[in-house]
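First to last, the protein sequences are chains D and A.
Just so we're aligned: 90 in our numbering is position 90 of the first sequence, and the numbers increase by one with no gaps anywhere.
For any residue, its number in our numbering is found by taking its place in the second sequence, counting from 1, and adding 127.
Calculated from the structure, these hints are not laboratory results.
Because the structure is a prediction, the values reported are computed rather than measured.
The C-beta atom is built at its ideal place from N, Cα and C for all residues, glycine as well.
Be careful, since some hints might not be right.
Said to hold, decoys possible - Short, incomplete list of chain A residues facing chain D, as computed with Cβ under 8 angstroms:
hint: 1; residue: H156
hint: 2; residue: Y157
hint: 3; residue: S159
hint: 4; residue: Q160
hint: 5; residue: T354
hint: 6; residue: G414
hint: 7; residue: G415
hint: 8; residue: V416
hint: 9; residue: T436
hint: 10; residue: M441
hint: 11; residue: G466
hint: 12; residue: R468
To be verified - Mimicking DSS-like on lysine-lysine, the simulated pairs with C-alpha atoms at most 27 angstroms apart in a straight line are:
hint: 13; chain 1: D; residue 1: K65; chain 2: A; residue 2: K345
hint: 14; chain 1: A; residue 1: K131; chain 2: A; residue 2: K394
hint: 15; chain 1: D; residue 1: K65; chain 2: A; residue 2: K130
hint: 16; chain 1: D; residue 1: K114; chain 2: D; residue 2: K12
hint: 17; chain 1: D; residue 1: K119; chain 2: D; residue 2: K56
hint: 18; chain 1: A; residue 1: K209; chain 2: A; residue 2: K341
hint: 19; chain 1: A; residue 1: K131; chain 2: A; residue 2: K475
hint: 20; chain 1: A; residue 1: K130; chain 2: A; residue 2: K345
hint: 21; chain 1: A; residue 1: K131; chain 2: D; residue 2: K65
hint: 22; chain 1: A; residue 1: K247; chain 2: A; residue 2: K260
hint: 23; chain 1: D; residue 1: K105; chain 2: D; residue 2: K119
hint: 24; chain 1: D; residue 1: K65; chain 2: A; residue 2: K260
Single-letter residue listing:
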Amino acid sequence: MSNIPAELKYTKTHEWARLEADGSIAVGITDHAQELLGDLVFIELPEVDRQAAAGKEIAVVESVKAASDIYAPIAGSISAVNQAVADAPELVNQDAYSAWLFKLKPDNTADLDKLLDAKGYLQLISD
Amino acid sequence: MSKKTALNESHRLLHARMVDFGGWDMPLHYGSQIEEHHAVRRDCGMFDISHMCAVDVAGVHAKAFLLRLLANNAARLTQPGKALYSCMLNEAGGVLDDLIVYYLDNHHYRIIVNAGTTDKDLAWMATCLISWKLQATITPRRDLSMIAIQGPNAREKVWQALPETRSATAGLGRFFAAQLADIFVARTGYTGEDGFEICLPSEHVQNFWDELLKLAVKPCGLGARDTLRLEAGMNLYGEDMDETVSPMDAGLGWTVDIADERDFVGKSTLLAQAQQRQLLGLVLPSGGVLRAHQRVLTNQGEGIITSGTFSPTMQQAIALAHLPLGVAVGDTVEVEIRGNRHAARVVKPPFVRNGRILV
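Can you make the complete structure from the sequences, with help from the hints?
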């Protein structure tokens, strides 16, 4: 049974989003996603300051099995990337919710409301 | 409806992620295929390989049959238990399967064939036998299950699980097998590490598996099996070669004994046609993963990756690729990965054997 923290927001493409204290949005992939992908071996992160459009590819994670695009949950500009996770992709498999991939400065924080809540994401992956 | 081995329930109890492989419901991994891979290179892991098929060829003409059926020369097998890796070709010189044949005595051989090709192989062998009017029997041993135990500590674990096999197999050389009562022990494998592949009656395989688990042998799935064999430079039928590929073009020329007057299926085609491509290894120095079907761009023309993965031992992507004949080991070529070109180094496989990186 996948772990789905109640306080996070989710996308249909299996990313999670978390509003940080400084107003930025941390983004990663869900426990369900890492389970499906298997052992991750490579992560390609965007450059800081790059503009991200909602629902558009912004990063790539690769497992031995397949490469998987990561989509920006909402529009914004990349404010930080998690180099530690890029250097050790297995951290995502170990704890998908602490292994954030990048943070973005949102164009509009209210865009988060358009995302799924934990219940909505559970429904998505249960179908 | 997928076929199941006798150990299917065990895999599920161990929370394996199951996949279909060649029509069989098999474990892909039991949590982390990378951990399973490391366990084999460093210690000991075990694989349920009961989806493959042991085929016993027996009778007065068993040897004559195999001399004509296989591209490698079964006459090389003169010592009891000796094994030979060979391709089985069609008349056009294409590879029907790759397999290992064990010599038990002059009238008794055992062949291990791939899971996805078993039915095809058996039908082909039966056709050849009738057509050549030879006296031999071909018996698929569906009553047997098989486990591969691989790694530097593998043989010791097997002897602890099956103490009755120790004295008879302690001196068994690599690529030799021994039949001890109803247990067939072969010092062969598909990982590039030492170890045994064991065939035994299916009604005993559960006990054997459980004994190995108690001895802390790590169960390993098809994911690790693929990264291990690719590091070891071993071809995978269906990816690195198939019926449309000659063994010479698939890096298997060394398994074809074409020098003497022995006639075998596909020989005349191989003699008539020149080698068209070569199979070599690639290493990607930068980050990323090499995958099957990626295009390779070289000064001598275009090639294609047949098998690619991320090597847990080397921490880099590696691949086997069909390349134009002029490409040399040591050359730098380019691989197209999702639209971008990345430099890759051409190497001669194997990449890793016995725990050591060789390239």
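Would the pair A/K131 and A/K475 pass a check requiring their Cα atoms to be no farther apart than 27 angstroms?
-> Violated, because 37 angstroms separates the two Cα atoms, which is more than 27 angstroms.
Is the hinted pair D/K65 and A/K345 satisfied, with a Cα-Cα distance of at most 27 angstroms?
-> holds, 21 angstroms
Holds or violated: are the alpha carbons of D/K119 and D/K56 at most 27 angstroms from each other?
-> holds, 24 angstroms
Sort out whether A/K260 lies within 27 angstroms of D/K65, counting only the CA atoms.
-> violated, 47 angstroms
Let me know if the C-beta of A/Y157 comes in closer than 8 angstroms to any C-beta of chain D, holds or violated.
-> violated, 12 angstroms
Measure nothing beyond the straight line between the CA atoms of D/K114 and D/K12; if it is 27 angstroms or shorter, mark the hint as holding.
-> holds, 11 angstroms
Keeping to a limit of 27 angstroms between CA atoms, is the pair of D/K65 and A/K130 held or broken?
-> Holds, at about 23 angstroms.
With 8 angstroms as the cut and Cβ atoms as the points, is A/G466 at the interface with chain D?
-> violated, 12 angstroms
Has the given pair, A/K209 with A/K341, been kept, meaning a C-alpha gap of at most 27 angstroms?
-> Violated, at roughly 31 angstroms.
Agreement of hint A/T436 with chain D interface, Cβ distance less than 8 angstroms = holds, 6 angstroms
Within 27 angstroms, alpha carbon to alpha carbon, are A/K130 and A/K345?
-> Distance ~24 angstroms between A/K130 and A/K345 Cα, so the pair holds.
Hint check: is the beta carbon of A/R468 less than 8 angstroms from a beta carbon of chain D?
-> Violated - the Cβ of A/R468 stays beyond 8 angstroms from chain D, reaching only about 15 angstroms at its closest.
Of the numbered hints stated above, those contradicted by the structure are hints 2, 10, 11, 12, 14, 18, 19, 24, listed in ascending order.
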